[in-house]
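*Asks:* Can you make the complete structure from the sequences, with help from the hints?
Note that UniProt numbering numbers the sequence shown so that position 288 is 288, with each residue one more than the last.
Bear in mind the hints are in silico, worked out from the structure with no lab data behind them. Note that the structure is predicted; figures quoted are calculated from it, not measured. Worth double-checking, as some hints may not be accurate.
Pair ranges (Cβ atoms, derived) [what the hints assert, rightly or not]:
1. Thr105 to Glu212: 27 to 33 Å
2. Asp183 to Ala57: 36 to 42 Å
3. Ala130 to Val100: 30 to 36 Å
4. Ala271 to Ser247: 27 to 33 Å
5. Ser29 to Ala130: 43 to 49 Å
6. Pro184 to Pro245: 16 to 22 Å
Glycine residues also receive a C-beta, built at the ideal position from the N, C-alpha and C atoms.
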Amino acid sequence: MGEVHVINYEARLRRVVQYIHDNPAGDLSLDALAAVAAMSRFHWHRVFVAMTGETCAQTVRRIRAHKAAHWLIQTEWPVSVIAVRSGHRNVQSFARSFRVHFGVTPAAFRAAGVSGEFQLLREGRREMVAYDIREREPVRLAALPHRGAYQDIGRAFQEVAAIFTARGLWAEAGPMIGVYHSDPSAVPEADLRSHAGVQVGAGFEMPDVLEEVVLPGGPHAVMLYIGPYAGLPAAWDALYGKALPASGRLPAEHASFEVYLNDPTSVAPEALQTEICVPLASGPENRDE
1 MGEVHVINYE
11 ARLRRVVQYI
21 HDNPAGDLSL
31 DALAAVAAMS
41 RFHWHRVFVA
51 MTGETCAQTV
61 RRIRAHKAAH
71 WLIQTEWPVS
81 VIAVRSGHRN
91 VQSFARSFRV
101 HFGVTPAAFR
111 AAGVSGEFQL
121 LREGRREMVA
131 YDIREREPVR
141 LAALPHRGAY
151 QDIGRAFQEV
161 AAIFTARGLW
171 AEAGPMIGVY
181 HSDPSAVPEA
191 DLRSHAGVQV
201 GAGFEMPDVL
211 EEVVLPGGPH
221 AVMLYIGPYA
231 GLPAAWDALY
241 GKALPASGRL
251 PAEHASFEVY
261 LNDPTSVAPE
271 ALQTEICVPL
281 ASGPENRDE
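*Replies:* Right, here's the structure in full:
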């Protein structure tokens, strides 16, 4: 009976997380989210905080801020449009909220992103295209699929986190990993395929609501990116467009992925650390002579 109750609470949490991601400009008040969860306002908020470690308001602000950050870098929408789409009354309230979360104004954040001023680090040095070649062991993930824009995969990650929290599985978990199966330059955004997962061991008993994804071992190009997730597309471009061609190494026919080394709910955006991993073909390097 206990497992039935856990799954019931898990389903409510996932439903609310989905709603926040799908309606950043909508009514995301505590009353509205309690209605989505089909629980009383008082009881829902206590459940949400206990299961996530955040208040509903903190989660809403974080999701809205990350969506706005992606739109600032990935679109040419005016700041006034992004303010409305991210659920703010006006540009002034958006600028204040954004600065609290990212430490800079929306305009400054956009300018830094357009100019490519992101930290891609290797051995502590700031180098735009620095990376290492590493042998990685196979990795097993407990994951949920995501279809659509890669920048929206956060919704799937929060659903996975809800499942792990509701079932008390974090003691068996490693880092969160995003697996990207499609080439965003060649596949329509609506058809992009990815997985949001948590690394688990061989003995982990996979819940029926999650999928097993196994990442093969072997040589990988690994680049460390430090900064807000909105800057990750520039980091991928630097790796694929400059570093790999210069090295002569060829990517393998396996999905690339990101390993998230710290937690966006407890670390400032500028301190987030992400490893970008591209599987490489085995054997000698292939260089154009």
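*Asks:* All hints, please: hold or fail.
*Replies:* Evaluated hints:
For the pair Thr105 and Glu212, the beta carbons lie near 43 Å from each other, so the given range of 27 to 33 Å is not met. In this structure the hint that Asp183 and Ala57 lie 36 to 42 Å apart at CB holds, the actual value being about 38 Å. Checked against the given bound of 30 to 36 Å, the beta carbons of Ala130 and Val100, roughly 31 Å apart, stay inside it. At roughly 28 Å, the beta carbons of Ala271 and Ser247 sit within the given window of 27 to 33 Å.
For Ser29 and Ala130, the Cβ-Cβ distance of about 45 Å falls inside the hinted range of 43 to 49 Å, so the restraint holds. For the pair Pro184 and Pro245, the supplied restraint of 16 to 22 Å holds, since their beta-carbon distance comes to about 18 Å.
In this structure, the one hint that does not hold is number 1.
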